[in-house]
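Enquirer: Letter by letter, the chains look like this.
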Amino acid sequence: MDLSTIWFCLIVVLWLGYLFLEGFDFGVGILLGLLARDNTERRVMVNTIGPVWDGNEVWVLVAVGATFAAFPPWYATMLSTAYLPVLLILLALIGRGVAFEYRGKVDSARWRRRWDVVIQLGSWIPPLGWGLVLTAMATGLPLTKDGALSGGPLALFTPLALLGALAVAGFSILHGSVFLALKTEGEIRQRAGGFALRIGPLCLVPIAVLLVLLQVRQGSAWTLVLAAVALLAGVLALVRLRAGREGQSFALLGVLLVGVVVVLFGSAFPAVIPSTLDPAYSLTVANSASSPYTLGVMTWVAAFGTPAVLLYQSWTYWVFRRRIGTKHIPEVHVP
Amino acid sequence: MDVLDVARWQFGITTVYHFLMVPLTIGLSIVVAIMQTAWVVTGKRHYLAMTKFWGKLMLVNFAMGVVTGIVQEFQFGMAWSSYSKFVGDVFGAPLAMEGLVAFMVESTFLGLWIFGWERLPKRVHLACIWAASLASTVSAYFILSANSWMQHPVGIEFVDGKPRLNSIWALLTNNTALAAFPHTVAGGFAVAGTFLVGISAWHLWRKHRDSSAEDPDRRVWSSSLKLGAWIGMISFAAVALTGDAQGKLMFEQQPMKMAAAEALCHTEAPASFSVFAYGDVSRQDCENVKSITVPALLSFLAHNDFSTEVKGVGDLIHQYQAKYGSNYPVDPKLGELSGKPIDYVPVLPVTYWGFRFMIGFGGIAAAAALLALWLTRRGRIPRTKWFPRLALLSIATPFLANSFGWIFTEMGRQPFVVVPNPSGVDGVWMYTAQAVSSGVSVGEMLTSLIALTTVYGVLAVVEVYLLVRYARAGVAGVMPPPTDTEKSEDVLAFAY
Chain A
1 MDLSTIWFCL
11 IVVLWLGYLF
21 LEGFDFGVGI
31 LLGLLARDNT
41 ERRVMVNTIG
51 PVWDGNEVWV
61 LVAVGATFAA
71 FPPWYATMLS
81 TAYLPVLLIL
91 LALIGRGVAF
101 EYRGKVDSAR
111 WRRRWDVVIQ
121 LGSWIPPLGW
131 GLVLTAMATG
141 LPLTKDGALS
151 GGPLALFTPL
161 ALLGALAVAG
171 FSILHGSVFL
181 ALKTEGEIRQ
191 RAGGFALRIG
201 PLCLVPIAVL
211 LVLLQVRQGS
221 AWTLVLAAVA
231 LLAGVLALVR
241 LRAGREGQSF
251 ALLGVLLVGV
261 VVVLFGSAFP
271 AVIPSTLDPA
281 YSLTVANSAS
291 SPYTLGVMTW
301 VAAFGTPAVL
311 LYQSWTYWVF
321 RRRIGTKHIP
331 EVHVP
Chain B
1 MDVLDVARWQ
11 FGITTVYHFL
21 MVPLTIGLSI
31 VVAIMQTAWV
41 VTGKRHYLAM
51 TKFWGKLMLV
61 NFAMGVVTGI
71 VQEFQFGMAW
81 SSYSKFVGDV
91 FGAPLAMEGL
101 VAFMVESTFL
111 GLWIFGWERL
121 PKRVHLACIW
131 AASLASTVSA
141 YFILSANSWM
151 QHPVGIEFVD
161 GKPRLNSIWA
171 LLTNNTALAA
181 FPHTVAGGFA
191 VAGTFLVGIS
201 AWHLWRKHRD
211 SSAEDPDRRV
221 WSSSLKLGAW
231 IGMISFAAVA
241 LTGDAQGKLM
251 FEQQPMKMAA
261 AEALCHTEAP
271 ASFSVFAYGD
281 VSRQDCENVK
291 SITVPALLSF
301 LAHNDFSTEV
311 KGVGDLIHQY
321 QAKYGSNYPV
331 DPKLGELSGK
341 PIDYVPVLPV
351 TYWGFRFMIG
361 FGGIAAAAAL
371 LALWLTRRGR
381 IPRTKWFPRL
391 ALLSIATPFL
401 ANSFGWIFTE
411 MGRQPFVVVP
421 NPSGVDGVWM
431 YTAQAVSSGV
441 SVGEMLTSLI
451 ALTTVYGVLA
461 VVEVYLLVRY
471 ARAGVAGVMP
481 PPTDTEKSED
491 VLAFAY
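Residue numbers (the numbering used here), protein chains in the order written: chain A, 1 to 335; chain B, 1 to 496.
Everything labelled a hint here was simulated from the structure, so no lab data went into it.
All values reported here derive from a predicted model rather than from experimental measurement.
Each hint should be verified, as a subset may be incorrect.
In silico lysine-lysine, DSS-like type, Cα no more than 30 Å apart, as pairs [claimed, not checked]:
| no. | chain 1 | residue 1 | chain 2 | residue 2 |
| --- | --- | --- | --- | --- |
| 1 | A | Lys-327 | B | Lys-290 |
| 2 | B | Lys-323 | B | Lys-340 |
| 3 | B | Lys-122 | A | Lys-327 |
| 4 | A | Lys-145 | B | Lys-122 |
| 5 | B | Lys-340 | B | Lys-162 |
| 6 | B | Lys-226 | B | Lys-248 |
| 7 | B | Lys-248 | B | Lys-323 |
| 8 | B | Lys-162 | A | Lys-145 |
| 9 | B | Lys-385 | B | Lys-207 |
| 10 | B | Lys-162 | B | Lys-333 |
| 11 | B | Lys-333 | B | Lys-323 |
| 12 | A | Lys-145 | B | Lys-226 |
| 13 | B | Lys-44 | B | Lys-248 |
| 14 | B | Lys-207 | B | Lys-44 |
| 15 | B | Lys-52 | B | Lys-207 |
Let's have the full structure, built from the sequences with the hints guiding it.
Expert: Structure (C-alpha cells):
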C-alpha cells in the first residue's frame, strides 16, 4: 500500500473517530429538550458529556486538517463546494460550544432556556450537515475541470446526500440515547433506554436505505459483506439494549458506524470526489495526494500522535466513568 | 465589492476577533497554572482563591477562543481554495500537526482540569492545567510556522508550478517563525499581565473605600496585581527585543513592508525613524507630510548600525516590477484585475499607523503596569477614583497593540498572500487576488461574512457581560463559603 492510500485510510479513521465520539454528544444535545423534565435532569445530561465534548470535537479539526495536509485539492474542493452547509455547521459548532460553557454561568431560567435552544439547534445541524456533505462527496458531484460545482450550490443536495444527512442524524440520536442510558442512573436512565428502543428502528431506516442504495450504485463484494455486518450490528444493538446491556449496545453501534463510514468512503475509492460530469475531472487519491515527502513526515507525526491521543482520551473516559444522577448535581453557585 | 474584497474582510474580521481571545488564553492559562502550582506547593488559601478566580475568567474566554478557532481551520478551504491547492503540500502539514499534537492535548486536559477538582489527585490535577496551557502555546508555534512560511517561504522546491515541501525542519525553524513566536507569546503575557493588574486594582480600591475592616481577600488582589505588573513589564521588554529581531528580518525579507511601516517614500542613508506624522501618509511621493523623526534610528532598526541605506517605496516599486512583473497575468479567475498593473505598495496609512499604534499601545500597557506597581508599593492603595478607572482602561491597550501588530504585518505584505523570498526558490509567490476560491459566489461569501460577524458580535457582548459579572463578584463568586451541613460524598465538585 502506498502512502497516499494509507492517508486515505487514516482520514477515514479520523472521520470515524469524530462521528463516533461527537455522534453521541450531538445526540445528547438533540435529546436535551425531549428526555429531561427539569433543569437538574438537563444538567445531568449536559454533564455526561461535559468533560469530553471539546476533545471529541477536535477530531473533526484533525480530520479536516489532515485532509488539507495529505490531499489539498480534496480539502479545498470539499469546503468551497459545500460552502453554505459548512458555514451552517460552523455556526452550529460555535453556538453549541459556547452554550455548554455558558449555560450554567448565570442563575436564571430565561438565560438557561436560551442556551438550551442553542445547544439543541447546534446539535441538530452538524450531524445533518456532515451527513449531507460526506455523502455528496462520496457519491459524486458535477465537478468541472477547475474543481468548481456546475449548477450552483444546490447541486450538492442530491437525494442520496439528503438521505446521508438523515442517516447520520438518526445514528447520532440513537447513539446519544444509548450513551445516556449507559452514563446516567435512576429515572433518566430508564427513560433514555426506553426512548432508544422506541426510536431505534426508525433511526436505522435511513441508514439501511443508504447502504442498499450505495451497494446498488457503487458497491462491490466486500462492501456488501460490510454493509450486512453493519446492519446486523445495528439490529443487535437494539436487542442487547432490550436485555439491559447498555455497554454492549453502545459498542455494537460503533460497529454499525464503522460499516457505514467505510462503505461510504470505500465504495468511492480510489476517487475521493467523483465527478458526475466526466471521470477525468474526478478527484482521486492519486491526483490529489501531497508529495511523498509531506506524506512521509505526516505519517511519522500520526504514528506517534494518534496512539497518544487514544491513550489519554481513553484515560479521560476512565476518570469520568461513573454514572451521573440527579443526586450528584451540586447546587447552583454563581454570582 | 467582489468576491476577493468580501473574502478579505471576512478573513480580517474573523482572525482579528479570534486573536482577541487567543493571547488572553495563552497568557492567562499559564498564569493560572503558576498560581495553582503555588497553591499545591504552599497550601495557602489565597493561592487557591487566585487559581479559582482567574481560572474562571480564563474559561469564559477560552470557550470563545476554541469555537472561533474552528472557523480558522475551515476558511482556507472555504474562501481561499485556490490558495489551499497552491500551498497545500507545505501549508497543510503544520495545521494538521497543530490539531493532532496541540489541540487534542489542550481540549482533553482542559476538560480534565475543569471537572477534575477533588476527583483527581492534587498533583495530577495540577499537571492537567500545565498540559492544557502548554499545548495552547505549542499550537501558537505551529500556526506561526505556517504564517511565517507565507511571509518567508523556506524548505521548498518548485515543482509543476507549485511549492513542494522538501524540509519540514526548515519550515519549523524558519527564522521568521523563531522571531514571531516569542513576540506573539510575549504579547499574550502582556495581555494577561494588564488583565490581572486592572481587575485587581479595582478590587483593592473598592474594598478599601467601602470598609475599614480587614478584607480577607486582600492578599488575593495584592498578589495578583504584583504578579500581573511584573508579567506585564517583563513581557513588554520581551516584545520589544523580539520585535527588534523581527524588524531586521523584515528589512531583509520584506523590504516593501519595512518601507511601508515607515511610509518611507525615498531611499535614505542613514534613514531616520518617523515617530509621528501629520498630513496625508497615503501619498507615495510624501508631499504634504510633516513628520517628527529621530535621525538614523531606522537604519539601526533595520541593520544594527546608524548608516545603512533603507530603500523607500518609490525605488522598491521599480525593483519589484523588474523582479516579479508589472502586470497581473491574463486570467479570467482574476476578474477585474486580470492583466492590470500590480500595485506593490500596501495601504500606507494602515501600515504606518498600525506600526505606531502597536508600539504605542504596548508602551502604554507597560507604563500602566509600572505605575500600578509604584502606586501600590508597600501596601498603599490610592483613594482617587481615577486609579481603578485607568487600571481598567489599560486592560484594553495590549489587546489593541496585538491587533494593530497583526493588521500591520498582514496588510503590509499585500499584494502578496505568499511573499517571494528574495534569497529563496524562484517562482514561489502568490498574489492575494489569485488565492480566493473560484467557485464561490459573492452572495455566498457575503452571507457568511454577515452571519459570522453578527454571531461574533452577539457573542462578544455575552462574553464581556460574563467577564464583568465574574470579575465584579470576586472570590465569593467562585468559592462557595463552607457550609455547616456535611457535604455529601456523592455530589460532584464541579458540574456545568
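Enquirer: Of the hints stated earlier, which fail here?
Expert: Numbers 1, 4, 6, 12 and 13 - these are the hints that the structure violates, sorted from lowest upward.
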